[in-house]
Amino acid sequence: MTVTEAGPGATAARIGVWRQLVGQEPAVDTLAAAAAAAARIVEGETPAAGSMTHAWLLTGPPGSGRSVAARTFAAALECTLGMGCGECPGCRTALAGTHADVRLVVPEGLSISVAEMRALVQAAARRPTGGRWQVVIIEDADRLTEGAANALLKAVEEPPDRTVFLLCAPSDHPEDVSVTIRSRCRLVTLRTPPPEAIARVLNERDGVAPDMAEWAASVCGGHIGRARRLATDQNARDRRASVLRIPLGLRSGADVFACADELIVAAEADAGEESKVRDESERSELRTAMGGDGTGKGVASAKRSADAAVKQLEKRQKSRATRTHRDTLDLALVDLAGFYRDVLVASSRSGTVLTHPDRAAEVATAAAQWSPESTLRRLEAVLACREAILWNVKPRIAVEAMVTTLRQG
18 MTVTEAGPGA TAARIGVWRQ LVGQEPAVDT LAAAAAAAAR IVEGETPAAG
68 SMTHAWLLTG PPGSGRSVAA RTFAAALECT LGMGCGECPG CRTALAGTHA
118 DVRLVVPEGL SISVAEMRAL VQAAARRPTG GRWQVVIIED ADRLTEGAAN
168 ALLKAVEEPP DRTVFLLCAP SDHPEDVSVT IRSRCRLVTL RTPPPEAIAR
218 VLNERDGVAP DMAEWAASVC GGHIGRARRL ATDQNARDRR ASVLRIPLGL
268 RSGADVFACA DELIVAAEAD AGEESKVRDE SERSELRTAM GGDGTGKGVA
318 SAKRSADAAV KQLEKRQKSR ATRTHRDTLD LALVDLAGFY RDVLVASSRS
368 GTVLTHPDRA AEVATAAAQW SPESTLRRLE AVLACREAIL WNVKPRIAVE
418 AMVTTLRQG
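Take any residue in the sequence shown, count from 1 to its spot, add 17: that is its number in the numbering used here.
The hints are simulated quantities; they were obtained by calculation from the structure and are not laboratory data.
Model, not experiment: these values are computed from the prediction.
Ideal Cβ placement from N, Cα and C applies to all residues, glycine included.
One should not assume that every hint holds.
[Said to hold, decoys possible] Cross-link-like lysine to aspartate or glutamate pairs, in silico, DMTMM-like; alpha carbons within 25 Å at most: (1) K411 <-> D272; (2) K411 <-> E285; (3) K411 <-> D278; (4) K411 <-> E192; (5) K411 <-> D178; (6) K171 <-> D223.
[Claimed, not checked] Restraint ranges, calculated between C-beta atoms of paired labels, are given here: (7) T97 <-> S200: 46 to 56 Å; (8) R203 <-> A226: 39 to 49 Å; (9) G368 <-> D178: 51 to 61 Å; (10) A378 <-> R208: 41 to 51 Å; (11) S388 <-> S195: 24 to 34 Å; (12) S259 <-> V123: 26 to 36 Å.
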């Protein structure tokens, strides 16, 4: 056991709200200490200098739990019984997303607009209703537009006394978070959770059978949410299998378009399932809240208002669906990139753990057929496709160009 794992974070990680964070003992150590300092500030005491600050940047690879870490820290800050007991109303409502003083910004579309950020900054300037902390969580802070980033910067430079900003981003690189905002935040870096920790939480928290939990943890690439979905959804497992059949399935020119279509359709199906239930629930709740489903006299005006509100909601849902589709397609491309990476590992005979250990036979076949140079060209084509989609190239065009290179090598 390392010193870090034996420290206070390792203990905190097993109790209260900190159990939400899987395999993140060093981050828990930092955040638990800050929550303890924050509790002292609320009590009117003065903690050690630098132990608690008003702006945090949580970074880490996809699936490492950036947003979970932010919500967990928010719960610890709002805890009324301790530094994240997990039982008090402050902890429970913060984790559930219903706490009056915890504001969560999740980009519905491809970016966070300046109007959204200005409204948020204005609301964050108020005193916390519960007397503890006003917490603002910005998921995917790398999606801030330039105007939104500038609006946030002003708030971070001159924060209210009891307001804490928690920004989540893949990294602290200037392409993800501006240098000026980064310089005003305390950085907490999350790591990729080890497969053993993921398997354990799937088994103990989600009731997944041990064999399935171990398999899902070994192929999820450290993405906890992906592991849970693979372990519990046969359709998700089938779609992953269809994506990983592509590298050795490109035998003719016609296969290029067939495989490209299969990849696009698989991403659309995955994104569609994710959005459908949520969209219908949102529309129903909105119409009910505005009285749009009422009957009798005097409801005509309410119905018109409800119809207008539903149209605005559907517009936001369409933007969100575009983002969800692209994120889902990107996840499929990450799986593909992992396959070609595994082929390079097999060619080098380095003994490094494979990204897709359940595809070891196919990886060995590909390593025997392709030269390392052609494998690398294929890997670069997948990465170029990801970047093209990021720059708003039509997904089908980008995927067909990529699959053409995958066949030619």
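Against the structure, the hints come out as follows:
1. K411 <-> D272: holds (20 Å)
2. K411 <-> E285: Within the cut-off at roughly 14 Å; holds.
3. K411 <-> D278: holds (13 Å)
4. K411 <-> E192: holds (22 Å)
5. K411 <-> D178: violated (46 Å)
6. K171 <-> D223: violated (42 Å)
7. T97 <-> S200: 46 to 56 Å: violated (33 Å)
8. R203 <-> A226: 39 to 49 Å: At roughly 40 Å between Cβ atoms, A226 and R203 fall inside 39 to 49 Å, so the hint holds.
9. G368 <-> D178: 51 to 61 Å: Once the Cβ atoms are compared, 55 Å apart, the range 51 to 61 Å for D178 and G368 holds.
10. A378 <-> R208: 41 to 51 Å: violated (30 Å)
11. S388 <-> S195: 24 to 34 Å: violated (42 Å)
12. S259 <-> V123: 26 to 36 Å: At roughly 29 Å between Cβ atoms, V123 and S259 fall inside 26 to 36 Å, so the hint holds.
Violated hints, in rising order: 5, 6, 7, 10 and 11; the structure is consistent with all others.
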